[in-house]
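As they're listed, the protein sequences go chains A and B.
Under this note's numbering, the first residue of the first sequence is numbered 1, with each subsequent residue one higher.
Under this note's numbering, the first residue of the second sequence is numbered 1, with each subsequent residue one higher.
Be aware that a few hints might be false.
Covered stretches of chain A (in silico footprint by chain B; criterion: 3 or more residues with CB under 8 Å from a CB of chain B, positions within the stretch not fixed) [said to hold, decoys possible]:
# : segment
1 : 768 to 776
2 : 856 to 864
Computed from the model, here is a short list of chain A residues facing chain B with C-beta under 10 Å [as the list claims (entries may be wrong)]:
#  : residue
3  : VAL188
4  : SER483
5  : ALA485
6  : ILE488
7  : LEU489
8  : ARG491
9  : THR494
10 : ARG495
11 : GLY496
12 : ALA499
13 : VAL717
14 : ASN721
15 : PRO779
16 : ARG780
Simulated from the structure, these hints should not be mistaken for lab results.
Since this is a predicted model, take the numbers as computed values, not measurements.
Every residue, glycine too, gets a C-beta built ideally from N, C-alpha and C.
Below, each chain spelled out in residue letters.
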Amino acid sequence: MKRQLVRIALRHLGRHPWQVGLAVLGIALGVAVAVSIDLANQSARRAFSLATEAVTGRATHQIVGGPSGLPDDLYRALKVDLGARLAAPVLSGDVAAADRPGRTFTVLGIDPFSEAPFRPYLGEERGAVTSGAPGEATGERRPPPPRDRLSTVAALVTRPGAVLIARGTARDLGLAVGDRLAVRAAGVPRELTVVGLLDPGDPASARALDGLLVTDIASAQAIFGAPGRLARIDLIVADDAAGRALLDRIRRALPPGAEVVASGVRAGSTAQMIRAFQWNLTALSLLALVVGMFLIYQTMTFSVVQRRPLIGSLRAIGVTRAEIFALVMGEAALIGVVGTVAGLALGWALARGLLGLVTRTINDLYFVLSVRDVTLEPLALAKGVLLGVGATLAAALAPALEATGAPPRVVMSRGALETGARRLVPRVTGVGVGLLAVGAIILALPGGIVSGFAGLFVLMVGCALVAPASALGLLRLLDPATSAAFGILGRLATRGIVAALSRTSVAIAALMIAVSAAIGVGIMIASFREAVVGWLEGTLRADIYVSAPSLVGNRPDATLDPALVSRLGATPGVARVGTSRGVVVPGPGGPVQVVALDVDPARPPRWRFRDGSAAAVWADDGDTVIVSEPYANRRGARVGQAVRLRTDRGERDFPVGGVFYDYGSSAGVVVMSRRTYDRFWDDRRVSGVAIEAAPGVDLPRLMAALRERAGGGQEVVVRSNRALREASLEIFDRTFAITSVLRTLTVAVAFIGMLAALLALQLERAREIAVLRTLGLTPRQVWGLVTAETGLMGLLAGVLAVPGGLLLAGILVFVVNRRSFGWTMPIDPSPAILLQGVALSVLAAVLAGLYPAWRMARALPADALRDE
Amino acid sequence: MPGPAVELIHVRKTYREGESERVVLDDVSVTIEPGQIAVLVGRSGSGKSTLLNLIAGIDRPTAGRIVVDGIDLTALDEDARTRFRRRRIGFVFQFFNLIPLLTIEENLLLPLELNGVTAAAGLARARGLLERVGLGGRGGSLPDRLSGGEQQRVAIARALVHDPALILADEPTGTLDAETATAVLALLDGLAREAGKTVVMVTHSREVVGVADRIFSVQRGGLVAQSTGAGPSERGGG
């Protein structure tokens, strides 16, 4: 570009710091939201895969058992009888640090002599086990002499509770070799001793080992109270004829309930669910960027309009269309780059805050994850740059083409622009209606989460394009009312919006999208919460619940000591005890969460059924089960069909008696009676106890008595029906905390858009306002006029956001939720949420209008008139 | 005996331009009697429009007093000056400055409404004035549908509609062709004299000088009474 044109562009930007600043802020916020979610997601995902890899290692296959795992004889038989040379037993589980609230570890019980090929950080290839003399400091690193390594392994095998811990983790916790570490496994206190430090060879391994405690298999059996049991046996089997033959031999020798699966199958299904959750966050974060694009479009349009005489003059003296185009796009690119760079920095800072929320939700719902640092992923940053600069250039394209398209004399005069804008309304509306139809078709077709969100985005853009015509229609309806109420000033307010349609409609559309998102997500969450409350009421029918502390919010992975269950049942004041057992059992389609309930047939859980009922489950001596809606949706299960599960008696089909609405697990559950479970599985453990108090018994006193009976051994959680309900809803609310943050950020971007639009209009209308002031409008009346106008814009955006929000809520509930998590719920469009949305819209607009209104009211009319 | 319509007493107006101060008006004192048409002439940038803005109360003097219709504008705050202006002053601009969002009729109703006259009550007066300026029947049109001369006629009607004591006109014929300018000027002159209004007008135009009772030249920040014009009051007319 010519040097003088560059100078023009730079000086123009320099003279409008407010305008440029707001555009930069809008893009920065949009990029920051998208990048932060991406970084937080990727960090969590990376931590998940590293954690999985740390536990799974290089195994090609795994032998897994039913709820009670595998007998450790099987390992011996594999090695000795079947010749599986590369096999390693594993018993792993999660424990909580007793004296560091919130800190969790994964205990990996292994056989140190079989480990080297599986998890190399325990061998010599990538890292090393550093032994230690007691009290060895954790700061320095030195290669361990072989004899030391041998003594560490010996200590691991011979000392009960001996563990290895990564040097970095030990340093964080202030632990040295020889120190003791108190933990709780399913509430049972255990004491571990650090006998050595793991020195991973590279940062990736270091991250994988963070939060891992490696111990001998025998110690792990003691920690988890599973003597003689293994969680699984890892195998490395060559992918050749000999390997396949070995796998066949192994399969034939397996006890009922056990199976050989390819590595990663189990982690894969959890990863898939986490991905669904993260997709939802990504989509919401992109919405902020879309709203930011409106802001850029607005800024660049205004920048062109503002310089119409200049652009006209430049064209008249021979500057080509291409050069004008480059001038406008160059300015946009500069704003885009500055905004994007600021957005990346802001995004990184924001990601550190959001990471906690993302990880907490993953911990609540899926998997124990320890992520403490945001990893600066180059890919996420590159995507941020592409999004920020790309969105800016895309948004600036239309104004740049407008500026170059017209002949020199009439380049974007305000009148020409507004006439053009009004003429465009029917066409834009037509495109909007078309997009609404396309979006509806995309959503109607079968597909996954991505196509669900694609349909949703197309629909939202359609809504935005229909907004100007709808706003014009509403203004026409409002005009008589505002005239009657406020006279000519009222008329001025409504007509002011129509007169500057090219700007006001963009601001209205941007605010409408943001408020639609707020309403839609709000209705979805409220409907969901309502459904969960109903579900909890139907599920929690006992007075008191006792369970072992679990590290994953919704997964009853810990069990209660059977003796304790009997003791609790014998407590005076207890009328009846019901038990539940939650386990994950293998099935042909992957692992299945099974819940076995011992319930009083007279008082079964009152679940809502989509199809069928549970009558046969509780009353019958057969083996009927019911499945949750997510299970039915994910696996295509129907009433009358059967669910195939691998039991301790081999594979069995369980007829499905009903499909019930359940919000406890997005993986889906199969519910059966305890009687059925006991018939097919050799597992008598109990995950939780539901206690009904005898009539007239004081509940707090009974709870105190239960706690007293449980004291001294396993730590248990004794909660009243109400407390458990509240705890469940707390998890629910925590899950949506991040959604609320994203919603707020999107509204913030729209707010900036509105502020930018109003400041731009203020500059344009300076003379008009000066004339009104000369005619006798007081500063306060000017303030009132501008505020009424902005309030009206907010009202329009709010009113239009109601159908938009309802549409969004419908899509979120019936398409996105179903495809992401497998559940549906009745939609509950509470008028309060709709009104809140409209109020939010008016408030955002009025707040955005305060400063421009103040400036307009304060301006001296003589200054504006002098510019004539 | 009523007092002067406009009285400027030692008025000084300066603007800051970076570090320095530019003096636009310096120690200006003048008195304009009720019913007179006073014309301010001078070169571009001499301070004519600034003087007009000071009399209208839309700008404040750096020093001195401005008394209009017996009220000392310099003693009033912004709000009070605005209320005074809406009641007592009518303004005609060079670029008409009709409110583009309002119809012709609504442009006339606006000053009435600001003075508390209801639309129903003001409509007859607005329509009557539109008839007088030759635009009866065009009340429902938006300003951009009118020619420059027509718009200025509406602006004159708007300046008179709320019956102010003082009409201020800033280059009212500056953008019009000679023939239209003459017609617009005649209209302003006729209506103002008929209603006994005081008019202060800024102009470059020789035709305007012809209707003036008094002519002042703004030169080097001062006001020089050039001559008594040949306006109808001097000629014994209206």
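Cross-check of the supplied hints:
no. : hint       : in the structure
1   : 768 to 776 : holds (count 8)
2   : 856 to 864 : holds (count 3)
3   : VAL188     : violated (77 Å)
4   : SER483     : holds (9 Å)
5   : ALA485     : violated (13 Å)
6   : ILE488     : holds (5 Å)
7   : LEU489     : holds (8 Å)
8   : ARG491     : holds (7 Å)
9   : THR494     : holds (9 Å)
10  : ARG495     : holds (4 Å)
11  : GLY496     : holds (6 Å)
12  : ALA499     : holds (5 Å)
13  : VAL717     : violated (67 Å)
14  : ASN721     : violated (63 Å)
15  : PRO779     : holds (6 Å)
16  : ARG780     : holds (7 Å)
Figure legend: structure checked against the earlier numbered hints; hints not met, in rising order: 3, 5, 13, 14.
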